[in-house]
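> Sequence:
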Amino acid sequence: METSKIEPTDTRKGDEAQEIRDSSTRGDISIHSIVPDFVAATPEEPAQIKKSVRSIAEDDKVWFSVVLLTFWALLLGLYGGFAKYGDDVLFSASRVDGTYLFYHNIAIMIFVGFGFLMTFLHRYAYAAVGGTFLVSMLCIYWGMLCTAFFHQCYEFDCSHARVTIDLVRLIYGLFAAGAVMISFGGVLGKVTPLQLLAMAIVEVPLFCINEHICANLIKVRDVGGAMTIHLFGAYFGLAVCLMRRHKGGPASPDNKASPDHDIFAMIGTLFLWICWPSFNAALAGDLEHLTILNTVMSIGASCVTAFLVSAVVHRGKFDMVTVQNATLAGGVAMGASGDLIEGPVWAMVVGSIAGTVSTLGFSHIQPFLFKTVKLHDTCGIHNLHGMPGVIGGIVSIVALSDHTAMVHQVEALFCSFGIAVGGGLLTGLFLNLCNNMDDDEAYKDDAFWLVEEE
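So the working numbering is basically just the index in the sequence shown, starting at one, shifted up by 879.
Worth flagging that the hints you see were computed from the coordinates, not collected in a lab. Any given hint could be a false lead.
Unchecked claim - Here are the simulated lysine-lysine pairs, DSSO-like style, with alpha carbons at most 30 Å apart: (1) Lys-940 to Lys-1196; (2) Lys-1135 to Lys-1253; (3) Lys-1098 to Lys-963; (4) Lys-1135 to Lys-1098; (5) Lys-940 to Lys-1135; (6) Lys-1196 to Lys-1250; (7) Lys-1135 to Lys-1196; (8) Lys-1250 to Lys-1135.
Stated by the list, open to error - Just the calculated beta-carbon pair ranges, DEER-fashion: (9) Asp-966 to Cys-1032: 34 to 44 Å; (10) Ala-1130 to Tyr-1005: 15 to 25 Å; (11) Ile-1088 to Asp-976: 21 to 31 Å; (12) Val-1277 to Thr-1251: 25 to 35 Å; (13) Asp-976 to Pro-1132: 46 to 56 Å; (14) His-1243 to Asp-1139: 24 to 34 Å; (15) Leu-1187 to Ile-1142: 20 to 30 Å; (16) Leu-980 to Arg-1041: 22 to 32 Å; (17) Asp-1133 to Lys-963: 40 to 50 Å; (18) Gly-1195 to Val-1277: 27 to 37 Å; (19) Val-1330 to Leu-954: 26 to 36 Å; (20) Leu-1329 to Gly-956: 29 to 39 Å.
Where is the CB? At the ideal position from N, CA and C, for every residue including glycine.
Generate coordinates for the entire structure from the input sequences, incorporating the hints supplied.
See the structure below:
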């Protein structure tokens, strides 16, 4: 592939001084504004530039180990000093109840579902599954502490300095990991492991703050997290994408799928599709049966609708991206109203709307956003989680008859959106302090993983 030459930078202005080549071309060297010597490079120095960029990448790998070790030591210290098992766990002879089944299914969604769903890129499977594995586990530990902290502060229960770890607390940790994995989908292939780790460390407390405000202060009805998990994770990730210097647009030769990788991604889709009712019903209490049924009816409808609309849009053919993602939109939309809707047909209508909007998002809205504001969303999280999350919030407003409760839903919708976008923009700026991935490393495993040569 032919590459463009690097021009002297003294004639560059604004953002062009931070990024030498256009994001639609590949194979050039990405120069970062944080290294002035690189910005002043001339066309006669490409080898030296490449060597220096590689040196920066090696430094990032060292910093990743340092940050991970430090954060892990912090978690060990916090759990050693402030966490315990409850008496019912230590001294009760009772067997584990159905809560473990919910935990089991949600864990499958996070580690297998999200992990394999992001393996569609033909040279970025190790990083997708491996990144999901590591970062999700860290988010579970971090999320359990953060949610417990805000809940105990709200209840003014500071007399007990220790956090009780049980299955419900584990589910809260999984929800925090789910929000981060949704955001990961937006920046997939465009961030270094250090940047991904930093994003997760920052996002989890913001997620827990938003969840605390919506659940405990606003009193939102959002049993499956359509607003507090899906909407929050999606727009946080999109805001990070907007602020990243490394745009990593769709023109990259490595930003593409392959038939083999698409099949692996479909494995993730199927696990998510099967386990989604548990995600929505885990904390539904006495209404868990209703929530499970509504979720099944809604996610089934989005499956049928996604195939139908895909065939119409693509003139009789099905799009694998749509099948992998839009078929799940009904599960997202039912997150806020799974315990509110009292008729199966209405759940099917909601799923049909979500599946249609999600499919059109992949075919029309996503290309439009990249063309107009250069927003590149690798996995299409806006289509699967963002817009269906908004639909779920709107449906919950309509489903409630009490005016005060409706106002609370509106407040939670705007609160989740505001904290997600604001937090994502600041996090994106913060990630730019790290060394950005070189262009020829984007969407490739071998930049940070040991990969056998083909």
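> State for each hint whether it applies.
Tested hints:
1. Lys-940 to Lys-1196: violated (43 Å)
2. Lys-1135 to Lys-1253: It holds: about 18 Å lies between the C-alpha atoms, which stays within 30 Å.
3. Lys-1098 to Lys-963: Measuring from Cα to Cα gives roughly 28 Å; hence the hint holds.
4. Lys-1135 to Lys-1098: The given pair, whose Cα atoms are some 43 Å apart, is violated under the 30 Å limit.
5. Lys-940 to Lys-1135: This hinted pair holds, its Cα atoms lying about 26 Å apart.
6. Lys-1196 to Lys-1250: holds (25 Å)
7. Lys-1135 to Lys-1196: With Cα atoms ~19 Å apart, Lys-1135 and Lys-1196 stay inside 30 Å; holds.
8. Lys-1250 to Lys-1135: At roughly 18 Å apart (the allowed maximum being 30 Å), Lys-1135 and Lys-1250 satisfy the hint.
9. Asp-966 to Cys-1032: 34 to 44 Å: 23 Å Cβ-Cβ, so the 34 to 44 Å window is violated.
10. Ala-1130 to Tyr-1005: 15 to 25 Å: The hint (15 to 25 Å, Cβ to Cβ) holds, given that Ala-1130 and Tyr-1005 are roughly 23 Å apart.
11. Ile-1088 to Asp-976: 21 to 31 Å: holds (30 Å)
12. Val-1277 to Thr-1251: 25 to 35 Å: Roughly 30 Å apart at Cβ, these two residues keep to the hinted range, so it holds.
13. Asp-976 to Pro-1132: 46 to 56 Å: With Cβ atoms ~51 Å apart, the hint holds.
14. His-1243 to Asp-1139: 24 to 34 Å: holds (28 Å)
15. Leu-1187 to Ile-1142: 20 to 30 Å: Once the Cβ atoms are compared, 22 Å apart, the range 20 to 30 Å for Ile-1142 and Leu-1187 holds.
16. Leu-980 to Arg-1041: 22 to 32 Å: holds (27 Å)
17. Asp-1133 to Lys-963: 40 to 50 Å: holds (47 Å)
18. Gly-1195 to Val-1277: 27 to 37 Å: holds (35 Å)
19. Val-1330 to Leu-954: 26 to 36 Å: Hint holds: Cβ distance 30 Å, inside 26 to 36 Å.
20. Leu-1329 to Gly-956: 29 to 39 Å: holds (31 Å)
Of the hints listed earlier, those the structure fails to meet are numbers 1, 4, 9, in rising order.
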